[in-house]
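Participant: Please arrange chain B on chain A, whose structure you already have, making use of the hints.
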Amino acid sequence: MNKIFYRLVFVISCLMCNTILFAQDNKPDMADLMRSNGKIYVVVAVCLTILIGLFIYVFLLDRKIKKLENNRD
Amino acid sequence: MDIPRLFILNETIRNLYFHVCMWFGMMILFGTSFVYSIKYLRGFNLRNDIFAYNYAAVGSFFGILGYATGTIWANYTWVTDQSQSLGSILKEPKLIGAAIALLIYGAYFVLRGSFTDMDKKARISAVYNIFAFAMLFPSIWIIPRLVGSLHPGAPGSESGNPALNFKDIDSRLRMVFYPAVIGWTLLGVWITTLKIRVQLLKDKTLINE
Numbered sequence: 001m002n003k004i005f006y007r008l009v010f011v012i013s014c015l016m017c018n019t020i021l022f023a024q025d026n027k028p029d030m031a032d033l034m035r036s037n038g039k040i041y042v043v044v045a046v047c048l049t050i051l052i053g054l055f056i057y058v059f060l061l062d063r064k065i066k067k068l069e070n071n072r073d
Numbered sequence: 074m075d076i077p078r079l080f081i082l083n084e085t086i087r088n089l090y091f092h093v094c095m096w097f098g099m100m101i102l103f104g105t106s107f108v109y110s111i112k113y114l115r116g117f118n119l120r121n122d123i124f125a126y127n128y129a130a131v132g133s134f135f136g137i138l139g140y141a142t143g144t145i146w147a148n149y150t151w152v153t154d155q156s157q158s159l160g161s162i163l164k165e166p167k168l169i170g171a172a173i174a175l176l177i178y179g180a181y182f183v184l185r186g187s188f189t190d191m192d193k194k195a196r197i198s199a200v201y202n203i204f205a206f207a208m209l210f211p212s213i214w215i216i217p218r219l220v221g222s223l224h225p226g227a228p229g230s231e232s233g234n235p236a237l238n239f240k241d242i243d244s245r246l247r248m249v250f251y252p253a254v255i256g257w258t259l260l261g262v263w264i265t266t267l268k269i270r271v272q273l274l275k276d277k278t279l280i281n282e
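Residue numbers (the numbering used here), protein chains in the order written: chain A, 1 to 73; chain B, 74 to 282.
Chain A extracted, bound-state conformation (with noise of 0.2 Å):
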């Protein structure tokens, strides 16, 4: 019953281990979604990245020249 037991440990671990080994055969990419289709995403978040400062920075000034505008009436 124990070396039953022991060989049945042993052959599932061999299996793990070989899953493991399968697992870093194909190696791990992380960030999928930013590195898939040829990292076009990567110019996505630049193009947004400099949209959205370039707007916050435009609201800002929007929002000074609005307190002049009041100052002046």
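Since the hints were made in silico from the structure, they are not lab data.
Treat the hints with care, since some could be wrong.
[Unchecked claim] Pairs of lysine-lysine, PhoX-like flavour, derived with a Cα cap of 20 Å: (1) A:64 to B:275; (2) B:164 to B:277; (3) B:194 to A:66; (4) A:64 to B:277; (5) A:66 to B:277; (6) B:193 to B:112; (7) A:67 to B:277; (8) B:194 to B:277; (9) B:275 to A:67; (10) B:277 to B:193; (11) B:164 to B:112.
Facilitator: Chain B only, in chain A's frame:
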């Protein structure tokens, strides 16, 4: 629009139209600011000081945008290679140089803010602005090229990126890149003129004295 097919970079070479244009725009805006600072020191006209200040402000903003987009781009192209970890990116001379250049311009705004006297503020900040523009060249153009970096355009980087190497930038990229530089710069100049007009309206009473 077709682009050259490159390893590692893949489609991210399109960032050339955004990230690189930010730095080009920044250089042009800082250059304009530098010219207005010299003009201020020649005639002590406060109008020129306002021009210099606003060009420097929008230039720094473009610099910050360039830095932010650079971090995103580097995160997905520089870390990929086995030998390049986050540690090697933190040692990157181009990043440190750009950070120093932006901090020097940050000090320009601190300096301006710390004066209460209008003329003194304008005069000292104009002199400092000339120094800051002079510091821009060693910190972002010369030193990264001397010591070698991951950033394209430096010796030692053989990632095949044609971005800043004008000898082998692809003609297909060039067709979009140059108009993009002009476009982003004009956008920066437009925002600057808006800021200048607001400032001039505010200071109308002071300047007409």
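Participant: Indicate, hint by hint, whether the structure satisfies it.
Facilitator: Cross-check of the supplied hints:
Between residue 64 of chain A and residue 275 of chain B the alpha-carbon distance is near 11 Å, which keeps this suggested pair within the 20 Å criterion. This hinted pair does not check out: residue 164 of chain B and residue 277 of chain B have alpha carbons roughly 48 Å apart, beyond 20 Å. Distance check on the hinted pair: residue 194 of chain B and residue 66 of chain A sit about 27 Å apart at the alpha-carbon level, beyond 20 Å; violated. Between residue 64 of chain A and residue 277 of chain B, the direct Cα distance comes to roughly 16 Å. Compliance with the 20 Å bound is thereby established for this hinted pair.
Our distance criterion of 20 Å between C-alpha atoms is met by residue 66 of chain A and residue 277 of chain B, whose separation comes to about 17 Å. A threshold of 20 Å between alpha carbons decides the hint, and for residue 193 of chain B with residue 112 of chain B the separation of about 16 Å falls inside it, so the pair holds. At roughly 16 Å between alpha-carbon atoms, residue 67 of chain A and residue 277 of chain B fall within 20 Å of each other, so this suggested pair holds. Our distance criterion of 20 Å between C-alpha atoms is met by residue 194 of chain B and residue 277 of chain B, whose separation comes to about 18 Å.
Distance hint between residue 275 of chain B and residue 67 of chain A is fulfilled; the C-alpha atoms sit about 11 Å from each other, no more than 20 Å. At roughly 19 Å between alpha-carbon atoms, residue 277 of chain B and residue 193 of chain B fall within 20 Å of each other, so this suggested pair holds. Of the pairs offered as hints, the one joining residue 164 of chain B and residue 112 of chain B is violated, with about 38 Å between alpha carbons and a cut-off of 20 Å exceeded.
In summary, the structure is inconsistent with hints 2, 3 and 11 from the numbered list given earlier, while agreeing with the others.
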